[in-house]
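Order-wise, the sequence lines are chains A and B. Each number in the working numbering comes from the position in the first sequence (counting from 1) with 125 added on. Each number in the working numbering comes from the position in the second sequence (counting from 1) with 148 added on.
Derived by calculation from the structure, the hints in this document are not laboratory data. Note that CB positions come from ideal geometry on N, CA and C, so glycine has one too. Errors might be hidden in some of the hints.
Pairwise CB distance ranges, derived in the manner of DEER restraints [stated by the list, open to error]:
1) A:175 / B:652: 52 to 62 angstroms
2) A:260 / B:688: 50 to 60 angstroms
3) B:535 / A:152: 25 to 35 angstroms
4) B:503 / A:182: 33 to 43 angstroms
Stretch by stretch, here's where chain B covers chain A in the computed footprint (C-beta under 8 angstroms, at least three residues) [as the list claims (entries may be wrong)]:
5) 157 to 168
6) 241 to 249
7) 274 to 287
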Amino acid sequence: MSTAIAETNTGISNAKLGIWSFLASEIMLFGGLISAYVILRSGSAHMVMPPRSMMGVPLATFNTFALITSSVTMVLALAAIQEGNIEKFKRWILCTIGGGVIFLAVKAYEYQHKWHEGITLSSNLFGSFYYTLTGLHVIHVIGGLGLMTYIFVAGSRGRFTPDSHDRVECAGLYWHFVDLVWVILFPILYLL
Amino acid sequence: MTDAHAHGGAHAHGHGEPQGFIWKYVFSVDHKVIGIQYLITSLLFLLIGFTMMLLMRWQLAVPTPADDFDPEKLGMIRSLLNWIFPESMPFGFMDPVFYNQLGAMHGTIMIFLGVVPLGVAAFGNYVMPLQIGAPDMAFPRLNMMSYWTYLVGGIVIMSSFLADGGAPQSGWTSYAPLSVVAPAGQTYWLIGMVIIITSSLFGAINFIVTTLNMRAKGLTLGRMPVFCWAQLVTAVLLLLAFPVLEAGAILQLLDRVAGTSFYIPKDMIYGATVFPRAGGGSPILWQHLFWFLAHPEVYVLLLPAMGIVAEIIATNTRKPLFGYKELVGSMIVIGILSFVVWAHHMFLSGMRTSLANLFVTTTMTISIPSVAVLTCLLLSLRGGTIRYNTPMLFALAFLPMFGIGGLTGLPLGFAPTDMHLHDTYYVIGHFHYVVAPGSLIALLGGTYYWYPKMFGRKMNETLGKVHFWMTVIPMNFVFFPMLIQGMYGMQRRLATPTDQWHNLPVQGWSMMIGIAAAVLMVGQLPFLFNFVWSLKNGEKVGENPWNATTLEWACPSPPPHGNFAKEPEVFRGPYEYSVPGHKTDYWPQDEAA
Numbered sequence: 126m127s128t129a130i131a132e133t134n135t136g137i138s139n140a141k142l143g144i145w146s147f148l149a150s151e152i153m154l155f156g157g158l159i160s161a162y163v164i165l166r167s168g169s170a171h172m173v174m175p176p177r178s179m180m181g182v183p184l185a186t187f188n189t190f191a192l193i194t195s196s197v198t199m200v201l202a203l204a205a206i207q208e209g210n211i212e213k214f215k216r217w218i219l220c221t222i223g224g225g226v227i228f229l230a231v232k233a234y235e236y237q238h239k240w241h242e243g244i245t246l247s248s249n250l251f252g253s254f255y256y257t258l259t260g261l262h263v264i265h266v267i268g269g270l271g272l273m274t275y276i277f278v279a280g281s282r283g284r285f286t287p288d289s290h291d292r293v294e295c296a297g298l299y300w301h302f303v304d305l306v307w308v309i310l311f312p313i314l315y316l317l
Numbered sequence: 149m150t151d152a153h154a155h156g157g158a159h160a161h162g163h164g165e166p167q168g169f170i171w172k173y174v175f176s177v178d179h180k181v182i183g184i185q186y187l188i189t190s191l192l193f194l195l196i197g198f199t200m201m202l203l204m205r206w207q208l209a210v211p212t213p214a215d216d217f218d219p220e221k222l223g224m225i226r227s228l229l230n231w232i233f234p235e236s237m238p239f240g241f242m243d244p245v246f247y248n249q250l251g252a253m254h255g256t257i258m259i260f261l262g263v264v265p266l267g268v269a270a271f272g273n274y275v276m277p278l279q280i281g282a283p284d285m286a287f288p289r290l291n292m293m294s295y296w297t298y299l300v301g302g303i304v305i306m307s308s309f310l311a312d313g314g315a316p317q318s319g320w321t322s323y324a325p326l327s328v329v330a331p332a333g334q335t336y337w338l339i340g341m342v343i344i345i346t347s348s349l350f351g352a353i354n355f356i357v358t359t360l361n362m363r364a365k366g367l368t369l370g371r372m373p374v375f376c377w378a379q380l381v382t383a384v385l386l387l388l389a390f391p392v393l394e395a396g397a398i399l400q401l402l403d404r405v406a407g408t409s410f411y412i413p414k415d416m417i418y419g420a421t422v423f424p425r426a427g428g429g430s431p432i433l434w435q436h437l438f439w440f441l442a443h444p445e446v447y448v449l450l451l452p453a454m455g456i457v458a459e460i461i462a463t464n465t466r467k468p469l470f471g472y473k474e475l476v477g478s479m480i481v482i483g484i485l486s487f488v489v490w491a492h493h494m495f496l497s498g499m500r501t502s503l504a505n506l507f508v509t510t511t512m513t514i515s516i517p518s519v520a521v522l523t524c525l526l527l528s529l530r531g532g533t534i535r536y537n538t539p540m541l542f543a544l545a546f547l548p549m550f551g552i553g554g555l556t557g558l559p560l561g562f563a564p565t566d567m568h569l570h571d572t573y574y575v576i577g578h579f580h581y582v583v584a585p586g587s588l589i590a591l592l593g594g595t596y597y598w599y600p601k602m603f604g605r606k607m608n609e610t611l612g613k614v615h616f617w618m619t620v621i622p623m624n625f626v627f628f629p630m631l632i633q634g635m636y637g638m639q640r641r642l643a644t645p646t647d648q649w650h651n652l653p654v655q656g657w658s659m660m661i662g663i664a665a666a667v668l669m670v671g672q673l674p675f676l677f678n679f680v681w682s683l684k685n686g687e688k689v690g691e692n693p694w695n696a697t698t699l700e701w702a703c704p705s706p707p708p709h710g711n712f713a714k715e716p717e718v719f720r721g722p723y724e725y726s727v728p729g730h731k732t733d734y735w736p737q738d739e740a741a
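If we strip away everything but chain A, and leave its shape as in the complex, we get:
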């Protein structure tokens, strides 16, 4: 099995170019939904926003920071593998997974709480968009956690070295994207 980095025409590895292409399509997916929300929110007289107090902004703010922190720990994990420090890498990946799990737990609480307060998927247009947008995001977080678990296991087995850790970078790119989507969803759903 080749240990040399792939010599590609562009100088970017196949996997990395592939991930960037995939993320471009994801931007269009979330972009389509977010545009639909923005258009109906600004154009429809019937998109009634719940009162700020029902939205649970402080908790969601904490959750946003949890996710952003997990992105930071991801960068630290990448730095660790670039140094060849597997133990540090494992710790930071676990922190990243932890941040993602906290995010999901808070979301589960939020969903359950809002649903009981009357904001459901079909109660009104806001509820529909809220659960659809954040729900699609949650699915992507879950996928990301699966990816991180693979990275953790593979890294523990010595799969990644300072010279060859393309997949860690690609996983990182995906995770940062998931974080970025939340950083956009949070203000447009909770704050504005």
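Please build the complex by placing chain B on the supplied structure of chain A, with the hints as guidance.
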């Protein structure tokens, strides 16, 4: 995802042990096997979609009983139809719901299961890695997943016929709110589309990374064949446009199954009562999300075909293509502009004139690079030594046919004239001209052109020529009258057009169209026979039966796993034909100086 390995020769020598049948042919990761899988499957879907249309054209040709109709004495065709479809076609007359189901399925199957998989996935997968000198695609396993996802999506869509209430019946365009209240088949459509979109996205990522990253030494982007450029632009269109439809489809799915109101206006009246939903949504939102994909989608249908025509013309004129840079540049501009024209499908949705004007402007603009491509291909013929073999006949026919199709698009892109033509048969005539005598003709040409590479034998020339004439001529008799019917005001999607008296004067054309369509179907029989017969009996060929210059002709026919014995090195552009002073009239890209 998959390996980030160098591909210089890593795969060239195959795997250690011989592979079992399942891994070698069914779940193969070889782009050539996958390309052929797509080829066979898409041709089958085209046949299925065509059969549906034949049933519809029968209904349109004779929509109502004649004066001397006797239910006891049905003709041969009527009694056959009555026997096959007792509920949907009683006495051989089509139930309007069945008509709408066939209509929606015809469009969906032809576009998403037929032409795109044929043009993009079959030919792109098979030919592109060969033309860039690569041993396979960047992500072979993803490629395999792409095919199987497509097949599953196709099966889900076809199974909608068995749903409660039958197949989707809201048009391939699935406009809300009709599609939201439609029977269960529509849900199958939505789920099937999400699956097919996933398959397309896998493929698009693969094509982009492969074309950009895995070209052989010396194959700069400026030396890449036009076909590969066409596939690259197409892949970018699929990558960026399909997710928006996916978003829209998710919203429609939720509207149908979860009680949301993304597309349901407030207090919508359904039947005799108010539809019991929160409301507040917008049916126009669906149209925007749909057409944002569906417009670039038509260029996905077109660009690979243009690429194929370019390749066939270069080889069979024995001279370089006219305007390589202009061809490639125009294709890129078409790709970019295709994202800003979508609302020309929505001129009658109530948009204000200033917005309509914007889309008229962008639509008129996009016709310029389209004409540029056609002009370059036409000028490529000038001064050439033309070889009139079967692929060349198809490639030549593409030019005037697409010309007619493109020209008929102009009154549609111009809002004031679109007022009269929207939702009439004129639209059907226009888009079929570009995709049937247009793209499909080119794709058939591609089949004859690359068949020898795929199977090591040529298809029979005589049968090919019979197929050609029995396709091109009937197609014109099928689609040209539709332009006339449309200008006369005949609306689309009507099972019994003669119910509207103003359609009676043009009803005669429908009879001609029906007969021509039947002849067209008969004309495909030589092709089907030829395809299968030539597998074992066609004239055997070597590496380069057409004496062409591009890299797919620099390896055995068919190429082994890994394609090239060693990575080719490229020394010149893709169309160095009739170079002055050179001993042969073609100078392959990989031949040393």
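Status of the hints after comparison with the structure:
no. : hint                              : result
1   : A:175 / B:652: 52 to 62 angstroms : holds (57 angstroms)
2   : A:260 / B:688: 50 to 60 angstroms : holds (58 angstroms)
3   : B:535 / A:152: 25 to 35 angstroms : violated (47 angstroms)
4   : B:503 / A:182: 33 to 43 angstroms : holds (36 angstroms)
5   : 157 to 168                        : holds (count 6)
6   : 241 to 249                        : holds (count 4)
7   : 274 to 287                        : violated (count 0)
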